[in-house]
Amino acid sequence: EDQVTQSPEALRLQEGESSSLNCSYTVSGLRGLFWYRQDPGKGPEFLFTLYSAGEEKEKERLKATLTKKESFLHITAPKPEDSATYLCAVQVRTSGSRLTFGEGTQLTVNP
Amino acid sequence: GAVVSQHPSRVICKSGTSVKIECRSLDFQATTMFWYRQFPKQSLMLMATSNEGSKATYEQGVEKDKFLINHASLTLSTLTVTSAHPEDSSFYICSARDRVIETQYFGPGTRLLVL
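So the protein lines, in turn, are chains A and W.
Take the first sequence: its position 98, counted from the start at 1, is 98 in the numbering used here, and no numbers get skipped.
Take the second sequence: its position 17, counted from the start at 1, is 17 in the numbering used here, and no numbers get skipped.
The set of hints was computed from the structure by calculation and includes no laboratory data.
Note that CB positions come from ideal geometry on N, CA and C, so glycine has one too.
Among the clues, some could well be false.
What the hints assert, rightly or not - With the C-beta cut set under 8 Å, the calculated list includes, among others, these residues of chain W facing chain A:
id : residue
1  : Leu-44
2  : Ile-93
3  : Arg-97
4  : Phe-106
5  : Gly-107
The task is simple: from the sequences and hints, build the whole structure.
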């Protein structure tokens, strides 16, 4: 069975304190790994797609990396507006275009 | 680009009535749309996958006669919650898959409260 596990469940950082969120996966043939950001009461906002081990994507203070077993979302010098829940999802070759989501990491950045 | 809208954003209805939620991809065509349900402090739970012009595929445990899905065009899918009950109260989110870049973009969600 395909599994996606995110850690930690919650993370509190001070503004400017860099850190990383983890998404480990066990799937039968990865087609793509997706990162989304979700603010309370809103739908997820697309951040990145990663397709193969070694791939990296960057956007402002965020950088996503991918290995054969996990993905990291690195946050450099975060700001309070980066506070949100970050969701990781995988698309598996045998499941068409369906996404399997992790439980998310709730990030709080204090000023 | 890649904007998905949902309407209404919030709805309150009486038990036993039906509620329709619309999901539109505004600037791209989506042959596939998805409907999710999200409970507080939890991740998204996929309810069904709808393909334009064909019947929706429901996830295990989701009643297809209760949650009617129609995907009539490449930009519009609707979810109708029939004979709603308080336990159907939840946050419903749709997504649309851009068939060119194969990425799912999500709508803002619909908060349903059944009294």
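To see whether the hints hold, each was checked on the structure:
no. : hint    : verdict
1   : Leu-44  : 5 Å, holds
2   : Ile-93  : 5 Å, holds
3   : Arg-97  : 5 Å, holds
4   : Phe-106 : 4 Å, holds
5   : Gly-107 : 5 Å, holds
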